[in-house]
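Undergrad: For reference, the chains in residue letters:
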Amino acid sequence: MDIVVEIGLWISAFYVISVYSLLWKYNKFFKFAEHTLIGAAAGHFLVMGLLNIRNLGIGNILGGKILYLIPILLGLTLFARFTPKYSWVMRWGMAFLIGVSLTIYMRSLVITQITAQIQDTLKNVSFADPMKIVNTIVVVGFVFTTMLYFLFTERLTPKGPASYIGKIGRYGVMTAIGYYLGVTVMTRLAFVINRLEFLLFEWLRIPR
Amino acid sequence: MVEKTEKKTIWDRLANLPEQYVYVVLAVILIAPLLHPIGLPIPISDATRKFFVAIDELKPGDTVFYAFDAGSMTWMEQGLGATIVFKHLLMKPGIRIVGATIGAEGPMFWDNAIKSLGGLASYGKEYGKDVVWLGFFAGEETACAALAKDLKGTSGGVDAYGSKLDTMPLMTNVNKATDFNLLFVLSYGWTWRSWMNQWQMPYGIKEYAIPLAGVVAEMTPNIKAGQIQSIINGARGAAEYELLLGKPGRAASGMDAQSLGHIYVAILIVVGNIAYFASKGGKKK
Chain A
1 MDIVVEIGLW
11 ISAFYVISVY
21 SLLWKYNKFF
31 KFAEHTLIGA
41 AAGHFLVMGL
51 LNIRNLGIGN
61 ILGGKILYLI
71 PILLGLTLFA
81 RFTPKYSWVM
91 RWGMAFLIGV
101 SLTIYMRSLV
111 ITQITAQIQD
121 TLKNVSFADP
131 MKIVNTIVVV
141 GFVFTTMLYF
151 LFTERLTPKG
161 PASYIGKIGR
171 YGVMTAIGYY
181 LGVTVMTRLA
191 FVINRLEFLL
201 FEWLRIPR
Chain B
1 MVEKTEKKTI
11 WDRLANLPEQ
21 YVYVVLAVIL
31 IAPLLHPIGL
41 PIPISDATRK
51 FFVAIDELKP
61 GDTVFYAFDA
71 GSMTWMEQGL
81 GATIVFKHLL
91 MKPGIRIVGA
101 TIGAEGPMFW
111 DNAIKSLGGL
121 ASYGKEYGKD
131 VVWLGFFAGE
141 ETACAALAKD
151 LKGTSGGVDA
161 YGSKLDTMPL
171 MTNVNKATDF
181 NLLFVLSYGW
191 TWRSWMNQWQ
201 MPYGIKEYAI
211 PLAGVVAEMT
221 PNIKAGQIQS
231 IINGARGAAE
241 YELLLGKPGR
251 AASGMDAQSL
261 GHIYVAILIV
271 VGNIAYFASK
281 GGKKK
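Chains A and B, in that order, give the protein sequences. The first sequence begins at 1 in this note's numbering and counts up one residue at a time. The second sequence begins at 1 in this note's numbering and counts up one residue at a time.
In short, the hints are calculated from the structure, not lab data. It cannot be assumed that every hint is accurate.
Calculated lysine-lysine pairs in the BS3-like style (CA-CA distance at most 25 Å, straight line) [stated by the list, open to error]:
| id | chain 1 | residue 1 | chain 2 | residue 2 |
| --- | --- | --- | --- | --- |
| 1 | A | K123 | B | K115 |
| 2 | B | K149 | B | K87 |
| 3 | B | K152 | A | K65 |
| 4 | B | K129 | B | K115 |
| 5 | B | K87 | A | K123 |
| 6 | B | K92 | A | K123 |
| 7 | B | K87 | B | K129 |
| 8 | B | K164 | A | K132 |
| 9 | B | K115 | B | K149 |
| 10 | B | K164 | B | K149 |
| 11 | A | K65 | B | K176 |
| 12 | B | K164 | A | K65 |
| 13 | A | K132 | B | K129 |
| 14 | B | K149 | A | K65 |
Reference listing, derived: stretches of chain B covered by chain A, where coverage requires no fewer than 3 residues with Cβ under 8 Å from a Cβ of chain A [what the hints assert, rightly or not]:
| id | region |
| --- | --- |
| 15 | 139 to 153 |
| 16 | 177 to 183 |
| 17 | 188 to 198 |
| 18 | 204 to 216 |
| 19 | 234 to 240 |
| 20 | 253 to 267 |
The C-beta atom is built at its ideal place from N, Cα and C for all residues, glycine as well.
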């Protein structure tokens, strides 16, 4: 086997074991792996950012697209925060950044996350057969009670029939949280299994 | 004065079980089926089948956009789905793939994925003619919006390796979201939403996503509303896809361990709750 690949395997195995050693207790190996990861990630992101500025910013300016100077200058204003006297200059870049992002998000956010979801909820309303009636009650019922649980909690929590609306909504939220927990466990287990497969079959070379 | 020491019940001991024991048992439960597979059945879900059919029905000459938002901390799961989908796309004759990412780690994994699949040549594909990689674009959702309008303008007219896009046969008639038949989004977190907001919603392009299983709960309303056509649900979805493609690989081999791990976690939750309510800690309430 290629010696470079072999060294890479051993380094990788060392880091995997170091990271999972946290499950036993917080130790120096975990700390070392943690710091390496943060350092490597910071370095990678910095390089990718600089490459983006070089290729898409400076490259375009040199190609005659002089307007690309504007975002670069606005980006540079963000560094003004490091000088107390001129830190206010940073607001220009930040204002532009937030303004553009917000405009782009808002263009679609209302449709994708609000109106489309309301439409889809109402599409489920059907009384054609008993199963659809049950489905309608479950879907529409939980949507409304969950919304009310968050909107009018204080008014609905006192004793009385109205308090049940909040309670039903709470069950809806708890069901959703259960779903979240289930899929999160699925992801975490997939991570562990993948690393175990690496340790067993690639590093230790146990035949499958 | 002598203090009375209260006798601990079995439930008290269970409720305060050192977590190391829990992890050791979990490790055994996960390693055993990897070494000696049980062969538990893997039923194919409708979502995976729909995803598979979408690629299978692509015709020669169709062009797809592959948003390859991979992350080093999530590749262990998402890599399984990303690679098998890439393989299927490469296996289809005449399908053209344009890739880009709004994740800074995407470029590293794009190259790795192609390498792990044996290279483009092993599928009869040629870079520039069948596959083009535009690389990383900073700006997240704003980058998605810019790419949807003008790929060449946003990338400065070059691919990730600095080659001119105008010289590539694939890019002659491709420059905006509507030039693509389908959009595939590999997502390390919530980037599927950015592509949905800026590609699916304004241009009506059909989006298929490969999210982390942990994010699926959050995207379910969008799937139900038809904003996302279908998904590959984490490692489980990748295992199903491998079986559909007739190429069982790493995802399928890990499913026994995945299933046993889930059973173990479910048992822990039940036992933990019983222990809590039966122990003195629960009774105090």
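Undergrad: It remains to establish, for every hint, whether it holds in the given structure.
TA: Evaluation of the provided hints:
Proposed proximity of K123/A and K115/B is contradicted: the alpha carbons are some 45 Å apart, above 25 Å. Distance check on the hinted pair: K149/B and K87/B sit about 28 Å apart at the alpha-carbon level, beyond 25 Å; violated. Straight-line distance between C-alpha atoms of K152/B and K65/A comes to about 14 Å, which keeps the hinted pair within the 25 Å bound. For the given pair, K129/B sits about 18 Å from K115/B by alpha-carbon distance, which is consistent with the 25 Å threshold.
Straight-line distance between C-alpha atoms of K87/B and K123/A comes to about 37 Å, which puts the hinted pair past the 25 Å bound. For the hint pairing K92/B with K123/A, the CA-to-CA distance comes to about 36 Å; that exceeds 25 Å, so the pair is violated. As the CA atoms of K87/B and K129/B are separated by approximately 17 Å, the hinted pair is consistent with the 25 Å bound. Pair hint K164/B plus K132/A does not hold up; C-alpha atoms about 56 Å apart against a cutoff of 25 Å.
Pair hint K115/B plus K149/B does not hold up; C-alpha atoms about 31 Å apart against a cutoff of 25 Å. Of the supplied pair hints, the one linking K164/B and K149/B holds, its CA atoms being roughly 19 Å apart against a limit of 25 Å. The hinted pair formed by K65/A and K176/B meets the criterion: a straight-line CA distance of about 20 Å does not exceed 25 Å. Of the pairs offered as hints, the one joining K164/B and K65/A holds, with about 17 Å between alpha carbons and a cut-off of 25 Å not exceeded.
The straight-line distance between the Cα atoms of K132/A and K129/B is roughly 50 Å, outside the 25 Å bound, and the hint therefore fails. Distance restraint check for K149/B and K65/A: the Cα-Cα separation of roughly 18 Å lies within the 25 Å cut-off, and the hinted pair is therefore satisfied. For the region 139 to 153 of chain B, the assignment as covered by chain A holds, since 3 residues bring a beta-carbon within under 8 Å of that chain's beta-carbons and 3 suffice. With 0 residues having a Cβ less than 8 Å from any Cβ of chain A, the region 177 to 183 of chain B misses the three-residue criterion, and the hint is violated.
Counting residues of the region 188 to 198 of chain B whose C-beta sits closer than 8 Å to any C-beta of chain A gives 4, which meets the bar of three, so the coverage hint holds. Against chain A, the region 204 to 216 of chain B contributes 5 residues with a C-beta closer than 8 Å to a partner C-beta. That satisfies the three-residue criterion, and the hint holds. Counting residues of the region 234 to 240 of chain B whose CB falls under 8 Å from any CB of chain A gives 3; the rule of at least 3 is met. Residues of the region 253 to 267 of chain B with a Cβ under 8 Å from some Cβ of chain A number 7, which satisfies the need for three, so the listed coverage holds.
In summary, the numbered hints that this structure violates are 1, 2, 5, 6, 8, 9, 13 and 16.
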